[in-house]
Amino acid sequence: MRLGAVADAGTAVGTGRPGRRPITERARAERRLAWLLCAPAVAVMALVAIYPIVYAIYLSFQRYDLRFPDSKSWIGVDNYTTILSSTDLWWQAFGVTVLITVVSVAIELVLGMAVAIVMHRAIFGRGIIRTAVLVPYGIVTVAAAFSWQYAWTPGTGYLAGLLSSTAAPLTHQWQAIAIIILAEVWKTTPFMALLLLAGLSLVPEELLRAAKVDGATAWQRFWRVMVPVMKPAILVALLFRTLDAFRIFDNIYVLTQGSQNTRSVSILDYDQLFTALNLGVGSAMSVLIFLATALIAFAYIKGFGAAAPGQELER
Amino acid sequence: MNATPKQRLGWSTANVVVVLIAAIPVLWLVSLSFKDPSTITDGSYYPHKWTWDNYRGIFDQPLFTHALVNSIAIALISTFLGVALGAMAAYAIARLNFPGKRLLVASALLIAMFPPISLVNPMFNLWRTLGIFDTWVGLIIPYMTFSLPLSIYTLSAFFREIPWELERAAALDGATPIQAFRRVIIPLAAPGVFTTAILVFLYCWNDFVFAISLTSTNNARTVPAALAFFTGASQFEQPTGSIAAAAVVITIPVVIVVLLFQRRIVAGLTAGAVKG
Amino acid sequence: MGIVLAALALAVAAGCGGGQSSSGPVTLNWYIFPEFSGAFVKSAAACSQASNGAYQIKIQTLPNAADGQRQQMVRRLAADDSSLDILGLDVTWTPEFAEAGWITPWPQDLAQKIQNGTLQTMLDTATWNGKLYSAPFNTNTQLLWYRKDLVPNPPKTWKQMISMATELSKQGKPHYIEIQGAQYEGYTVWFNTLVASAGGQIVSDDGQKVTLNQSAVQALDTIHQLANSPAVDPSIGNQMEDQTRLQFEAGRAAFELNYPYVYPSAKADVPDIFKNMAWTVYPTVKEGVPTHVTIGGIDLAVGAFSQHKQQAFDAIQCLRSPQNEIRNAVLGGLPPVLESVYSDPKFQKAYPMWQAIFTTLKQASVRPKTPAYQSVSLQISYTLSPPTSVSAKDLGTLKSRIQDAIDSKGLVP
Chain B
1 MRLGAVADAG
11 TAVGTGRPGR
21 RPITERARAE
31 RRLAWLLCAP
41 AVAVMALVAI
51 YPIVYAIYLS
61 FQRYDLRFPD
71 SKSWIGVDNY
81 TTILSSTDLW
91 WQAFGVTVLI
101 TVVSVAIELV
111 LGMAVAIVMH
121 RAIFGRGIIR
131 TAVLVPYGIV
141 TVAAAFSWQY
151 AWTPGTGYLA
161 GLLSSTAAPL
171 THQWQAIAII
181 ILAEVWKTTP
191 FMALLLLAGL
201 SLVPEELLRA
211 AKVDGATAWQ
221 RFWRVMVPVM
231 KPAILVALLF
241 RTLDAFRIFD
251 NIYVLTQGSQ
261 NTRSVSILDY
271 DQLFTALNLG
281 VGSAMSVLIF
291 LATALIAFAY
301 IKGFGAAAPG
311 QELER
Chain F
1 MNATPKQRLG
11 WSTANVVVVL
21 IAAIPVLWLV
31 SLSFKDPSTI
41 TDGSYYPHKW
51 TWDNYRGIFD
61 QPLFTHALVN
71 SIAIALISTF
81 LGVALGAMAA
91 YAIARLNFPG
101 KRLLVASALL
111 IAMFPPISLV
121 NPMFNLWRTL
131 GIFDTWVGLI
141 IPYMTFSLPL
151 SIYTLSAFFR
161 EIPWELERAA
171 ALDGATPIQA
181 FRRVIIPLAA
191 PGVFTTAILV
201 FLYCWNDFVF
211 AISLTSTNNA
221 RTVPAALAFF
231 TGASQFEQPT
241 GSIAAAAVVI
251 TIPVVIVVLL
261 FQRRIVAGLT
271 AGAVKG
Chain E
1 MGIVLAALAL
11 AVAAGCGGGQ
21 SSSGPVTLNW
31 YIFPEFSGAF
41 VKSAAACSQA
51 SNGAYQIKIQ
61 TLPNAADGQR
71 QQMVRRLAAD
81 DSSLDILGLD
91 VTWTPEFAEA
101 GWITPWPQDL
111 AQKIQNGTLQ
121 TMLDTATWNG
131 KLYSAPFNTN
141 TQLLWYRKDL
151 VPNPPKTWKQ
161 MISMATELSK
171 QGKPHYIEIQ
181 GAQYEGYTVW
191 FNTLVASAGG
201 QIVSDDGQKV
211 TLNQSAVQAL
221 DTIHQLANSP
231 AVDPSIGNQM
241 EDQTRLQFEA
251 GRAAFELNYP
261 YVYPSAKADV
271 PDIFKNMAWT
281 VYPTVKEGVP
291 THVTIGGIDL
301 AVGAFSQHKQ
311 QAFDAIQCLR
321 SPQNEIRNAV
331 LGGLPPVLES
341 VYSDPKFQKA
351 YPMWQAIFTT
361 LKQASVRPKT
371 PAYQSVSLQI
381 SYTLSPPTSV
391 SAKDLGTLKS
401 RIQDAIDSKG
411 LVP
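Protein chains in written order, with the numbering used here: chain B, 1 to 315; chain F, 1 to 276; chain E, 1 to 413.
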């Protein structure tokens with residue numbers, strides 16, 4: 001029911017801009033309120049984040065190596081060409097990152113949904129289960145990564161002992177990547193599960209009951225009732241999880257330090273910035289990583305359409 | 001909910017499996033923290049030689065206790081401020097029409113996406129000039145800033161789902177806007193708010209990049225950064241036991257915070273069921 | 001009101017004037033890695049006292065890992081931080097910090113004092129472009145540790161060691177040769193040792209050109225031989241110093257190439273293995289040619305933006321006095337840089353292997369001296385990883401990558 005439309009027609013007050021619908025007093029008040037509410041958040045984000053981001057973008061067009069401070073100079077897109085033409089380092093890392101992202105997010109979505117449903121229907125000790133499930137996400141990432149590293153080190157670890165006595169999975173690229181994915185999934189499935197659980201809580205029970213009475217199977221109830229209502233929650237969970245997965249760093253850093261070509265784009269960027277002290281190339285790489293994640297976000301928002309936040313509201 | 005005994009057994013098993021998978025690597029850390037250094041390589045899941053030395057060691061020096069206090073305080077303050085600011089903005093985005101909404105949402109996402117490692121150097125310089133390097137404020141500000149996008153997105157997704165009629169029904173019943181907000185919106189928003197709060201808290205808690213770059217002493221160093229300062233019995237020895245013990249100790253406040261907050265989620269859920 | 005103002009003004013003046021000028025000790029910030037035994041704390045206190053109020057040394061702890069230490073210092077030096085007075089630099093950082101203008105060269109007269117009686121190779125690490133930029137503080141180098149119950153006569157060359165280990169493997173006894181082959185700095189150290197022991201060096205003296213030649217081929221061959229023999233530990237590609245120590249302590253190895261810290265560790269952890277633990281000098285690559293093991297350690301430098309350079313120079317000289325060197329060695333397991341200390345009975349008692357260490361240090365080699373060292377090292381460990389894939393064919397790739405790193409071209413792994 002469009003209450004607003006009725007009000008608009010009746011109480012138009014002047015025109016906002018030539019050729020546009022007149023702005024009602026109500027709409028103007030709404031805007032003021034909205035800007036007031038957003039102002040603190042916008043102020044914080046603008047003041048704090050804008051300068052470093054702009055500075056980083058500015059640096060990306062310079063040759064700036066901290067070890068050779070005299071050679072600082074403007075070189076345009078040279079840094080970008082250096083990076084994009086590096087098949088054995090940049091594109092290799094890019095491929096590894098995409099692989100880890102796709103596989104881990106897919107697994108986490110499925111597992112997260114399953115865990116969310118289990119938490120929702122907890123029979124005993126709801127609090128205990130929910131806390132237990134969240135603990136992996138709550139442990140400091142590097143500590144959890146150490147746990148996995150020791151577990152897979154031959155001799156020291158209980159997991160390595162399950163494989164053959166000479167197996168050192170962390171020293172082989174594909175096995176190491178599998179372990180990294182395992183560590184990621186274990187750590188952040190709770191993140192997904194939590195968001196999905198909160199989304200689950202918005203599904204009205206009567207709808208489910210009604211569907212059941214109508215003879216829908218559990219599977220049908222899931223796809224036709226639960227998922228559509230949960231769409232916004234699923235989008236947020238997927239979006240943020242993918243963005244974070246693409247920028248994976250901690251787990252790889254502790255498990256393999258990026259050796260044996262298991263490095264992600266973030267680890268490669270870290271090497272340029274902090275080890276080679278090459279701020280020019282490092283900043284350019286950050287911009288490229290940012291563009292890649294922007295692409296991902298764009299794809300999600302387009303794909304999910306109306307479920308995205310900020311879309312025009314129907315009233 | 002009427003479930004058959006078979007269904008109940010099924011769900012119970014599922015519960016147990018989930019808890020086990022979450023717990024096994026954590027218990028491994030607990031086990032490592034109790035292992036005597038000479039048995040670290042014995043490859044067994046349980047310690048054969050128990051010792052409290054690792055725990056004693058980490059509390060011996062002020063490094064860890066200060067880091068613990070810093071982490072808890074900074075994370076709590078950042079969470080409170082970040083969720084408060086995020087909730088206001090999310091409410092506006094989800095329920096009000098105003099120009100610049102898309103821009104705001106897009107820029108928030110932009111900020112969340114830019115790799116923080118290239119931002120720490122300019123931030124370090126700026127913080128030193130402003131005199132907030134190595135202070136609580138110096139960390140609270142970036143944590144708030146970089147968790148705002150997550151807050152805004154999560155909260156606006158939840159605020160969107162709250163039915164419009166409720167507000168109007170309350171108004172019709174004679175409630176003022178503030179009363180309507182308090183009695184109707186807040187209980188329904190609670191699951192979203194507490195979910196967001198937990199996520200923001202854990203983001204601040206886990207952060208390493210800002211913590212190691214914007215602190216230099218016990219004044220503001222948080223736990224993830226402090227772990228980098230742990231030493232073994234020599235330059236080359238990895239402080240396995242100490243790190244494991246520290247990990248166990250710092251998980252305890254997280255467990256407490258989660259236990260407290262998750263009750264609110266349950267309360268929110270039941271409130272929603274009654275209303276809906 | 002006037003009296004209040006006057007009193008306030010006096011208080012402010014007293015507060016302002018009292019702290020700096022001539023009265024009151026200057027605080028020197030000493031940025032150093034966390035030393036677990038407290039030896040540095042004692043040295044700092046002793047030197048502060050001995051200065052008779054001229055300065056107070058305040059220790060600022062850095063992260064445990066060398067990379068973390070470098071990051072913390074670089075970030076602040078790049079911002080012209082004046083609070084960095086005394087810096088504890090890893091031996092490979094001096095050219096980098098010097099070239100970037102972050103540390104101050106020692107004045108001629110003081111440099112002379114530092115150079116007297118200090119190990120030559122350590123001085124080499126502290127010198128860049130003919131000037132002494134830092135003062136060697138402590139050092140470290142690797143020895144060959146072996147099980148004397150399995151190996152009655154220790155090997156002199158790598159070839160011998162590998163064949164002994166192969167023999168042991170045939171007999172089903174513990175036979176691994178533990179060496180650090182993970183993709184990190186320790187691997188570069190190993191490669192550098194092999195190249196130097198074959199008579200060559202990786203980079204020219206001025207740090208501008210890569211100089212790998214036949215000696216590099218021999219080094220690569222040695223790695224290849226080890227990696228393809230039964231003597232190699234399957235996890236070599238993931239092993240750093242601590243992992244190799246743990247493997248030896250677990251009784252799975254017959255040989256270990258590692259720093260002296262493994263000795264007291266084994267004594268405390270595994271008395272059974274310890275009683276059969278013996279040491280000798282690192283094996284050579286070529287029969288009859290002495291080995292040149294890569295040197296490690298810490299040099300102390302004065303920050304370029306420090307406000308108290310004179311006091312910092314004085315403090316550093318005190319921190320590395322023979323007394324403090326002995327304390328660092330005995331309490332902290334950090335071998336001294338002053339040759340005289342090696343004949344001190346207290347030191348010899350704490351270090352039964354002092355003779356082997358001293359011999360090794362006298363003929364040690366340095367890692368490539370170039371401001372771009374970190375990149376060079378990354379390229380070396382990247383190209384040669386994992387050890388099982390190394391062969392003489394890698395020489396060409398290695399040369400071009402190292403040259404790119406020196407010229408700061410392209411990406412680093």
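Hints listed in this document are in silico derivations from the structure and should not be mistaken for laboratory results.
Heads up, a few of these hints could be off.
Computed beta-carbon distance windows for the label pairs [what the hints assert, rightly or not]: (1) E167(E) to Q61(F): 54 to 60 Å; (2) L162(B) to V30(F): 54 to 60 Å; (3) P5(F) to L207(B): 37 to 43 Å; (4) V30(F) to L163(B): 22 to 28 Å; (5) Y51(B) to D205(E): 40 to 46 Å; (6) S389(E) to V77(B): 42 to 48 Å; (7) T176(F) to V54(B): 58 to 64 Å; (8) Q61(F) to K275(E): 32 to 38 Å; (9) L172(F) to E25(B): 18 to 24 Å.
C-beta atoms are modelled at their ideal positions from N, C-alpha and C, and glycine is treated no differently.
Going through the hints against the structure:
Here the CB-CB span from E167(E) to Q61(F) is close to 48 Å, at odds with the stated 54 to 60 Å. Taking the beta carbon of each, L162(B) and V30(F) are about 20 Å apart, not inside 54 to 60 Å as hinted. In this structure the supplied range 37 to 43 Å is violated for P5(F) paired with L207(B), their Cβ-Cβ distance being about 26 Å. One distance hint, 22 to 28 Å for the beta-carbon pair V30(F) and L163(B), holds here, with the actual separation near 23 Å.
Judged by the Cβ atoms, the range 40 to 46 Å given for Y51(B) and D205(E) holds: they are separated by roughly 44 Å. The supplied range of 42 to 48 Å is broken by S389(E) and V77(B), whose beta-carbon atoms lie about 35 Å from each other. Distance hint check for T176(F) and V54(B): the Cβ-Cβ separation is about 44 Å, which falls outside the suggested range of 58 to 64 Å. Between Q61(F) and K275(E) the beta carbons are some 34 Å apart, a value that agrees with the proposed interval 32 to 38 Å.
Look at L172(F) against E25(B): about 22 Å separates their beta carbons, and that is inside 18 to 24 Å.
Of the numbered hints stated above, those contradicted by the structure are hints 1, 2, 3, 6, 7, listed in ascending order.
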